[in-house]
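For the protein sequence lines, the chains are A and B, in the order given.
The first sequence begins at 1 in this note's numbering and counts up one residue at a time.
The second sequence begins at 1 in this note's numbering and counts up one residue at a time.
Don't read these hints as lab results, they were simulated from the structure.
Incorrect hints may appear among the rest.
Only part of the chain B face toward chain A is listed, based on derived beta-carbon distances under 10 Å [unchecked claim]: (1) A55; (2) F56; (3) T176; (4) L205.
Here the structure is a predicted model, which is why all the values come from computation and not from measurement.
Heads up, the beta-carbon is just placed ideally off N, CA and C, and yes, glycines get one too.
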Amino acid sequence: MSDLPTTLAVTLLLLAPLVAGGLSLLLTSSRWLHVTNLTSIGTLVAAEVMIARAVLEQGSLTAFGEIVYIDALSSVILFIIGTVGLACSLYMRSYMDEQVARGVIAPKRLNLFFFLFHMFLLTMVVATVANSLGVQWVAIEATTLTTTFLIAFWRRRESLEAGWKYLILCSVGISLALFGVVLMYYSSLRVLGDVSSALNITQLQQVASQLDPHILKLAFVFLFVGYGTKVGLVPMHSWLPDAYTEAPAPVAAMLAGVLETVAVYAILRCRGIVDQAVPPDFTGGLLAIFGLVSFALAAFFILLQHNYKRLFAYSSIEHMGLAMVGFGVGGPIGNFGGLFHLVNHALAKSLAFFAAGNIHRRFKTVEIDEVRGLTTVLPLSALALLIAGLALAALPPFALFASEMQILTALGSSGLPGEWTQPGTRFPIVVLLFCSLVAFGGLLYRITGMVWGVAPADIVSGEQWSVGHVPIILLGAVLVGFCWALPPPLQQLFEAAATLLVNR
Amino acid sequence: MPLMTPSIGSQLVDLGSALLLLTCFAIVAQRRLSACVDLFALQSVFLALTATLVAFLTGIHHIYIAAALTIVIKAIVIPRILKKVIERLNVSRELVMHINVPASLLICGVLVMIAFLITQPIISFGHLLTRDSLAIALAIVLIGFFTMIARQKAVTQMIAFLVMENGLFLGAIAATYGMPLVVELGVFFDVLVAALIAGIYTNRLQDAFDSVDTAHLSELKE
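So here's chain A without its partners, still in its complex pose (with noise of 0.2 Å):
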């Protein structure tokens, strides 16, 4: 299973974000620092296209002795922390720079944030390869720590509300998970006996129909609660909103992008085991009620929003809420569309921080009302909020109305999993086709009075070309490119995966 190439392949996915975190502690001028973080995530990206090839051919693989395990699902989730990773790098040349033009950040604190950036990238590979669910849970506590000084990083009273606010919060939570953990555990061990790799997903995956379904579904409870308090689910989102206010664009992007996608594989690794002792609606419904609970609310409170960034932030939690809806009903078609709105929310959602941050940077604010004439003023940023905007409203041609659609049709077709509804009943259905309308003006209506009307007189117009604009170009490009065809690599590693999902 465990060939030198992809040996070699993880070796550099583990030690390319380690190696430049340390490096960047040594560095003090900026473009070295840039120099390093690049390198770094060519690197990781290029290991990540080698892995991905390995699992098509393979299936799943394994690596220093079983304690790395990587299949399809695993490759989905490198595929969206390598791509957003690679555009927060990009833009952050030009972000972070002119932050410290500006006397915001002073220029030996640059190291710090980079080093952190590094760890943040490090924790998230290593819970996305983590064979065993203990070590998982590890590095996902651990993207906690590495983030909150990140959210906090501009120092303010706000900010650093903020990021105590995620750091209890999310710990919190978080501990919750790891009894989740330790019953799982308890499950296994009867079965395996007493063994050291009795975590391992290799293993429970063998032995997972001989677990016990009592314990199963309490430890599901626990680390469904924990995970989806790093997810965002309703009601434990609340430190989200501020979090992604506070922190600075490109952190911000990470978070919406890749963080919610690791803590939803966490939640989505351990629903594969239990589904396979406990009849499958019992996850499946505690996921498809919870996503559809945090999708309506979070579409009421999309039109409560006079902050641009909470605005996004509530729209996470809208579009995290429907991609659970989609797992919940599972099927090939609901977990191909859940798997597939991650993707495409992971690249909206990096692209509307990355305008934000522009914006921000510009006019100084956030709040909604002051920020008037985007197109004269900043006109790339403008067509980057328009695209952003339009695909989070999932809108054709951009790439989340073909997710929302497929998710839609599972929903359509065999409805809420579980004893919630009566087979074939409509409300479901209705109430998420009417929270997405709502959603959909919410966000138009706020994000199309920010591109148009006549800017503030102090504000400078005009845009200068920078390395930042190459990321959000490239966003906007594959939004909708993903809408019409997905590479055929691509679209073999999402059917893989949501293969992987399908309950056998």
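Dock chain B against the given chain A, drawing on the hints supplied.
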């Protein structure tokens, strides 16, 4: 060891777990921040003793390592960090409480009952030795969770988080005689870093707000 028959052993383990639960109640009832830290340190000592006892009775060696780490990190290092933080603060007591002490204790009592209720169906699968500790562990986790909501000071919230961790650790010992060693080490590392970060935060919050009362953290609202 004629004295250490399984039933006496399991009673001793139960005693240790009960002492942990008792310190939980004491923390909930305590208003002085430094006393809370002391109680947390005491709880960690009880935890380490219980873990050592289980390690001795079962002969599983890696629990000794975990017990030693508990003493070093949770009974010595983290309380020191917290004490340092408290020294810098201008308030040493929890002044305003969302829920007063008698009501809190009552709620904690209910939480203990809930914990026993939840774990009832699964508890019979466990090891004979530590069977009842699983319910107590869940009770401690729930009480920590509740304390987090009910108290306002950043330091108290941190202690509540650590109490939750203690409960989880007891749960791991009770249910499975400890997690795999690498996971346990990772958890200890995370807890230590979390405590350090919280310490740094409290300092910064103190500088920025002149208070670590999280009620002042209300600038971010809908």
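Quick rundown of the hints versus the structure:
1. A55: violated (14 Å)
2. F56: Status violated, d = 17 Å.
3. T176: Interface hint status for B/T176: holds (5 Å vs cutoff 10 Å).
4. L205: holds (6 Å)
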